[in-house]
Amino acid sequence: MSTVIDTRNGISLKVWMGIALCGVVLAILPFALGAVGQSWVRTLNFALLYVMLALGLNIVVGFAGLLDLGYIAFYAVGAYIWAMLASPHFGLHLPFWVVLPAGVLLAAIFGALLGAPTLKLRGDYLAIVTLGFGEIVRIFMNNLDAPINITNGPQGINRVDSFSVAGFAFGRSQELFGFRVTGPEKYYYLLLLLTIIIVVMCVRLQNSRIGRAWEAVREDEVAAKAMGINTRNIKLLAFSMGASFGGVAGAMFASMQGFVSPESFSLTESILVLCMVVLGGMGNIPGVILGAVLLSVFPELLRALVIPLQRTVFGDVILDPEGIRMLLFGFALVLVMIFRPAGLWPSAVRRRELSGAKGGQS
Amino acid sequence: MEILLQQLINGVTVGSVYALVALGYTMVYGIIGLINFAHGDVVMVGAMVATTLVVAMIGADPGGVSAWFAVISALLLAIPVCMVLGWVAERYAYRPLRRAPRLAALITAIGVSIIIQNVAMMVWGRNYLSFPHIIEPLVFQVGGARISLLQILIIVSATAIMAGLLMVVHRTRLGTAMRATAQNREVAGLMGVNINTVISAAFLIGSALAAVAGVMVTTYYGVAQYTMGFMLGLKAFTAAVLGGIGNLGGAMLGGLLLGIIESLGAGYIGDLTNGVFGSNYQDVFSFIVLIMVLVFRPSGLLGERVGDRA
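Chains A and B supply the protein sequences, listed in that same order. The letter at position 41 of the first sequence is residue 41 when you use the numbering used here, and the numbering goes up by one with no holes. The letter at position 259 of the second sequence is residue 621 when you use the numbering used here, and the numbering goes up by one with no holes.
Please keep in mind that the hints were generated in silico from the structure rather than gathered at the bench. Glycine residues also receive a C-beta, built at the ideal position from the N, C-alpha and C atoms. Certain hints may be false.
Said to hold, decoys possible - Covered by chain B, according to a simulated footprint, are these stretches of chain A (three or more residues, beta-carbon under 8 angstroms):
hint, segment
1, 123-137
2, 271-284
3, 319-329
4, 334-346
Produce the entire structure from the sequences given, and follow the hints as far as they go.
Encoded structure:
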């Protein structure tokens, strides 16, 4: 206790040490996991993608309190823009500094497009409209191969360019400083950088004028309006901002996978991201990150464990491993929510609301 | 003109099924404010149980079992199974969360849905089960359009069930208690209504309707599979919202309308857009209609204006 040195800035030495430790762990993580198997590095990369998605959705659901069940549409927009502008499909191979901003911008426009007709809707009506929007985007992607082939339909677009900066390609393995660095490991650092940028943006947004306006709209829209907040613009901003993060994640997904198809952007994915946000702790950035990492790594962990575990217990694979895996996932969702209804790591405000006397809202 | 009539007949048939499922959504929503994502999967279980029983009966004695006996026993088995399922889900998954934030309950419902689907997959496998064609393929001609005996049966029995439900809700003590609980749970409790019984009853009735809908779907389309509940549930939820969620009449109207919109969309999108968009856009069409309706009536067609804190 006595080692904590409180500085005027409010950030103690202990916190700095913690950040430094996290940095070191995050920096060597892909190599440690790469020793176990490259597939774990890919899982890690997907976890980072989901962290970006969950943070984006957290702006809409957690900060502004707008239930969005079609969030994956923005991920799809980002991914498809990358795939269309940097693949042999149209013969375009534009560099990342054109494609990435284009994806982000278009995702943000789609966000506003979704927000506009839903401004008057509340709660569950909003949920179904966003869900419909997500489905509409997916159906279009699935069917826009005729009369003009834009998205190549259900086959999807393949041989998508990977991310490369000035000849440094992130897709291939190569020797760097005497180390052999694989494609997924390189992508890990790229994704980590983007994730950190998004986390910093989220933290700064939360405590900004805009963040407080979102919170006000979430708590009471009428009162927020009375306090001079332009609720229309602030809600549209939440949709666009959340969507743009989804767009970044989507573009990264397309470049990393080298392949996009409508299958990756089903409603189930939207629901999965929502589960991450709520399970982790809506509105609390560390909680959301925790939720995203847990829910993206947990199924993979189960995938690796279920078959050997059955072999040792029953001597053979009796139960369908995929079924068992999803079954446990379902039970985990139910149990976490029953025992921690505010999420695993709720924000201080929500914790206070739930533990204290519930005023006003029934 | 014949095409229009034909699409209307098909639409009303599918719409009656949507309406039955939508009623389950809307009753639960009206009383505890939960979007029960697992409701579609209850329909699926009903369809699977019915199909399994009918296949077993026909297999045991081909030709000896009358079609009506098979379908009615399938219903009599599917209804209690679904009711137990709905009751268990409410008792052990949703009840502990009654005072929790609403999104927590929503995530729980998603979890329950995943559990039901995967248990069903383990029990019945991934393949489609086909429902034997036991009901006479009797077809009547109505003004150039065709309506099958099965379609008439589905429409008539769905209408009868909905009328019965309205009677229960508006004429019986249980119905009064349900409406009171929907208005204000705390005050209803103070007036001597047993809230837990009422909520359980809503789940039991909703699940029974879901079982009937499941039997209808599997006899109509001839197949059942463990993922079928998802899309069906989604459509029914859309129907409930279209009509105004929490409103029984709204769910019925929404279900019928959605069925009709879908089949008209499937029949006419191609003509309307000169063949640019085909019938594979029928879901887009339904969702766009839904969004348009909600833009002008933010609480559905028959929904009351929701309060600001709803």
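Status of each hint after checking the structure:
no.: 1; hint: 123-137; result: holds (count 11)
no.: 2; hint: 271-284; result: holds (count 6)
no.: 3; hint: 319-329; result: holds (count 7)
no.: 4; hint: 334-346; result: holds (count 6)
Every hint from the earlier list agrees with this structure, and none is contradicted.
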